[in-house]
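Enquirer: Let the hints inform the model, and build the full structure from the sequences given.
Each step along the sequence shown adds one to the number in the numbering used here, with nothing skipped, and position 79 is 79.
Take the hints with a grain of salt, since some may be wrong.
As the list claims (entries may be wrong) - Label pairs and their computed distance ranges (CB to CB):
id, residue 1, residue 2, range
1, V146, G122, 35 to 43 Å
2, N35, N154, 44 to 52 Å
3, D88, D189, 37 to 45 Å
4, Y32, D189, 28 to 36 Å
5, N126, F170, 31 to 39 Å
6, F155, N202, 24 to 32 Å
7, D67, K31, 32 to 40 Å
8, N35, D166, 24 to 32 Å
What the hints assert, rightly or not - Derived lysine to aspartate or glutamate pairs resembling EDC-like cross-links, with alpha carbons at most 16 Å apart:
id, residue 1, residue 2
9, K23, E47
10, K23, E13
11, K80, D112
12, K2, D88
13, K22, D166
14, K81, E40
15, K169, D112
16, K53, D39
17, K137, E177
18, K23, E177
19, K137, D175
20, K108, E47
21, K2, D39
22, K80, E47
23, K23, D12
24, K2, E47
25, K22, D39
26, K108, D166
27, K2, D90
28, K137, D166
29, K2, D84
30, K137, E77
31, K29, D39
32, K73, D52
33, K194, E13
34, K22, D12
35, K53, E77
36, K2, D26
37, K137, E196
38, K31, D90
39, K23, E196
40, K59, E77
Since the hints were made in silico from the structure, they are not lab data. Remember, it's a predicted structure, so these values are computed and weren't measured experimentally. Glycine included, every Cβ here is placed at the ideal spot set by N, Cα and C.
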Amino acid sequence: MKVLHINSSTRDENSQSLLIAKKIIDRLKIKYADNIILDEFNLFEDELPAFDKTAVGAKMALFTGQDSNSREKEAWEGIKKVFDRFADADVYVFNIPLWNNNIPYILKQFIDVVSQPGWAFGFDPNTGYTGLLNGKKAYLVFASGVYFEGIQANFGADFATPYMNDWLKFIGVTDVENIHVSPTVLNADYEKTKAEVIQHVNQLI
1 MKVLHINSST RDENSQSLLI AKKIIDRLKI KYADNIILDE FNLFEDELPA
51 FDKTAVGAKM ALFTGQDSNS REKEAWEGIK KVFDRFADAD VYVFNIPLWN
101 NNIPYILKQF IDVVSQPGWA FGFDPNTGYT GLLNGKKAYL VFASGVYFEG
151 IQANFGADFA TPYMNDWLKF IGVTDVENIH VSPTVLNADY EKTKAEVIQH
201 VNQLI
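Expert: Set out below in structure tokens:
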């Protein structure tokens, strides 16, 4: 079983979302023994191509049957390489800090890179979109310093959870577990909160 860990935090050992993601991976290793192949994708450190003017030109050339230039071909090869790495996994583990109530920009860039028609989803003018990455499972770990479910509206919101779930469903990943680590800052007893989240992970896997 191939597990792809997608890390969208910049905080390394200080990241609470990363800490819980590692707990999930540890539990998967225990559950599946030696049958785990782990691939770790650090979005802020690993090579992630920009989905820029050149990449869009390559995409449009491909889907309109036109010839692309050398720069466009190179850009599209980089995008296909990231998609293949993504599609090759059976299980996804995302750790996601909430930035301004939503996902970090680098994760959105990753989503735009891998979400390509004919690869991640199909389209029929009569029936609409169909996800193509079926039969996979995703664990989403969200961490927020202040926001938590039930807090007053002026303390923030969570647009990340519905966005990530809608996107995964869009590409065909419907088996999704959401794990929230919050609040990590506005919390007089964060160690208790963290212990409860870890206990939840242990029961989940």
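Enquirer: Run through the hints listed earlier and report the numbers of any the structure violates, in increasing order.
Expert: Failing hints, ascending: 5, 7, 9, 13, 16, 24, 30 and 37.
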